Amino acid sequence: MRHIIYSIFLFIFCLFCSSLTEAQCLAGQYNYARLSVLTGGNITFNFNAIDDYKNGITIANQTVLGITIGDCPSNPPTAGSDLGGWDIYFDADGVNLKGDNPANTLPLSTIEARATNRIGFAPSATTTYAAAPQPLAAIGAGNRLMGTTTVFPTTWNTHQLNITYYCGVTNKIINTNSIADFYTTNIGFVLIPRGIVFVDPFY
Amino acid sequence: MKKITRLLGSILLVGGLFTATSSNAQAVRDRNIIPVAVNLNQVLRMTITNGGNIEFVFNTIDDYRYGIAGTSTTAAGVSGPPAAGSQGTGVDAVGASNTAPTTSSSNQLGSNPMYITDFVVASSTRWKITYGSENSEFRGTDNSANIFALNNVGYSLTESGTHNFETGGAKGTTANGTQQLWSTPTNGASEVAALQSFPVTLLEDNDDFTGDATGNNGANAGDVLDNVFQLQWRAGTLEGTGLTTPMNQVSILDQGNITPDRYITNVLFELAIDF
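Sequence lines, in order, name chains A and B.
Each residue of the first sequence is one higher than the one before, starting from 1 at the first, in my numbering.
Each residue of the second sequence is one higher than the one before, starting from 1 at the first, in my numbering.
In isolation and in its complexed conformation, chain A is listed as follows (with noise of 0.2 Å):
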């Protein structure tokens, strides 16, 4: 009986072992990824007077996200699995806005984003940030908003990008003869990361 309690106990142990390497790396993964919305959940553009429509609505810095990435090493080394890097892409889960009436869309690239370092990831030759705010875009489609291939691992209470948000700026709701209606779409933040054997579906 000792003995099999003894068994049962090394085979627990074993299983744990295998995880203690790094505390977020689960099991067959290279990596560990979590992307972390900490402020700024929900988002919305008023437009109430002329000046909106021809000169659009910028949210400066409404949204925070908290950034956790590392390398999970991997039991026998698999060649190539060492992450080298990640970035960040944001899209949309439509074709366009759609407004309280299904009949009236708005264009996804009526809106625009822009990551900006918070803590963490300041701009370097090997964290790069999109130079000017990026149009929205369906998923597959999306663009990249920054990226590094040097910062990380990082956690979430000490790496956070700031991002901010434009609409009509570029492309001018007053142009788009869109009818009064509360448009709405789901903007995903896609943490991507990078390495040879990192290869993923959209991005």
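Quick caveat, the hints were computed from the structure, so don't treat them as lab data.
If you're wondering where the values come from, they're calculated on a predicted model, not measured in any experiment.
Please note that the accuracy of each hint is not assured.
In silico negatives: residues of chain A with every beta carbon more than 10 Å from chain B [to be verified]:
1) Asn61
2) Thr63
3) Gly140
4) Thr164
5) Thr185
Listed next, the in silico BS3-like pairs over lysine-lysine satisfying Cα-Cα at most 30 Å (straight line) [to be verified]:
6) Lys54/A with Lys172/A
7) Lys128/B with Lys171/B
8) Lys54/A with Lys128/B
9) Lys172/A with Lys98/A
10) Lys171/B with Lys172/A
11) Lys54/A with Lys98/A
12) Lys128/B with Lys98/A
13) Lys171/B with Lys54/A
14) Lys128/B with Lys172/A
For glycine and all other residues, C-beta sits at the position ideal for the given N, C-alpha and C.
Starting from the structure of chain A, add chain B where the hints point.
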């Protein structure tokens, strides 16, 4: 028993290690969703900034013979026959967009804000203005049986904002994003037009859906600096021959049967979205 136990333990040990280092390795990405809304509140506003009450007072025979106009090409009080060829020719063309009319209608007074109506439009979408008299004729206030034909009164239309009227002679002719406006009664603001009964589309979008070099499309949507208009009224000036909306070609004097009275009507202006 001990051997069986050790064998079982080894199997469990190997199995545990194998499980811990599964061959189904993969990269991990993460996505987070933020709902975004754009609340478009319609802006649609017309403001008459000047000349909301127009009154022509006919006191002299010349007034009856040649009419009264608000355009200013002569000194105040000029009377007498109009310049040769100008009366009744109906080809008194209004100047190009954004310039003052050059009509040679008779008995012109000096620049007189009493005969001018200024208005502006602010709209977040393409728009149109429908206008017209709420009655089919002017009616006497002393005796409602006295009537005065609407087409004895006319107007010219100009605009001084950043938007422009179509110059190609027909709506939507110019498709380059630079000509946003059209007016059917005035043939693109190039002619004097007679007052008509409501509803008549006075102003509308030029249906130009292309863009200009600055990225603005041809929509007449815009603010009060884009859409600035002036109506220059006249009465009894006989402008009309060959025009889209001709005024009465018979002078008030020659109509003969107009009973002295104060003839009035309300002219309605309705601003709406132009789909």
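### Task
Provide an ascending list of the numbers of those earlier hints which the structure does not satisfy.
2 and 5
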